[in-house]
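Engineer: Take a look at the letters that make up each chain.
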Amino acid sequence: MPVPDVPPTTGSLDVALFAGMAEAAGRRRVTLAWSGGTVADLRRRLAAACPEIAPLLERSAVARGDRYATDGEPIAVGDDVALIPPVSGG
Amino acid sequence: MAHAVDHDPRVTLVTLDADPLDPAAVLAAVGARAAGGNVLFVGTVRDVTGDVATTRLEYEAHAPLARAELARLCSAAADCFDLVAVAVSHRLGVVEPGDASVVVAASAAHRREAFAAAEWLMERIKATVPIWKCDHAPDGGRSWVHGQASAERGP
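Note that the protein sequences, when read in sequence, are chains A and B.
Numbering (the working numbering) for the first sequence: 1 to 90.
Numbering (the working numbering) for the second sequence: 91 to 245.
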């Protein structure tokens with residue numbers, strides 16, 4: 001079997017869910033097949049893969065690591081990504 | 091557990107955990123000889139909102155992001171209000187009515203800046219830090235609070 005010259009860029013992406021979003025999904029993590037894309041792409045993919053979170057997703061921010069990410073930012077395989085529904089601390 | 095605030099010596103304490111809060115310790119963390127005004131805010135769990143009863147609140151967070159956001163907000167408050175020191179502690183887990191869920195302390199040369207900083211910090215914490223509360227009702231019902239507009243991105 002031929003060995004590819006380039007390491008694979010496709011893989012999976014784990015997206016962490018919290019609070020009412022985790023409850024709506026019935027799980028705390030959604031795993032998508034992922035070959036790269038922006039935060040906006042991720043939003044579209046998540047809405048399709050997990051329609052039960054779509055209403056809250058529209059009102060949610062996306063976090064990568066310990067920062068909020070804007071819609072144009074790239075998300076790579078292996079990134080630490082979370083959905084942040086409207087917050088209610090205090 | 092205290093979060094190490096790497097790059098801002100004015101941010102003297104940031105905690106986010108399930109331990110009961112100690113307002114005196116948070117106030118002590120902002121004490122300094124250069125400070126003439128020291129403001130301590132203690133947010134506690136109410137047993138009623140309007141005419142809806144709450145038996146307890148349960149807090150959850152994206153902890154690494156929440157600690158980082160808390161530290162960034164404290165640092166921004168220190169810049170904006172010329173603080174000598176600033177500290178914040180927030181609870182996770184179950185908090186009973188009457189118990190503290192959040193404590194903010196700010197010290198400045200004069201009281202005006204310290205009051206303004208504490209108010210500003212509480213507004214920002216409630217708007218942007220990834221912490222959520224689940225409201226438990228007397229009938230056993232529970233609901234996550236996601237009422238505000240979408241989380242804003244940064245101070």
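It is worth saying that the hints were derived from the structure and are not from the lab.
Just so you know, even glycine gets a beta-carbon here, dropped at the ideal spot from N, CA and C.
Certain hints may be false.
What the simulated footprint calls covered on chain A by chain B, stretch by stretch (three residues with Cβ under 8 Å from a Cβ of chain B suffice, anywhere in the stretch; the number is not a length) [what the hints assert, rightly or not]:
(1) 11 to 22
(2) 73 to 79
On the chain B side, residues computed to face chain A include the following (Cβ under 8 Å) [to be verified]:
(3) L155
(4) M212
(5) K223
(6) A227
Engineer: Of the numbered hints stated earlier in the document, which are not met by this structure?
Structural biologist: Hints 2 and 6 are the ones this structure does not satisfy, whereas the remaining hints hold.
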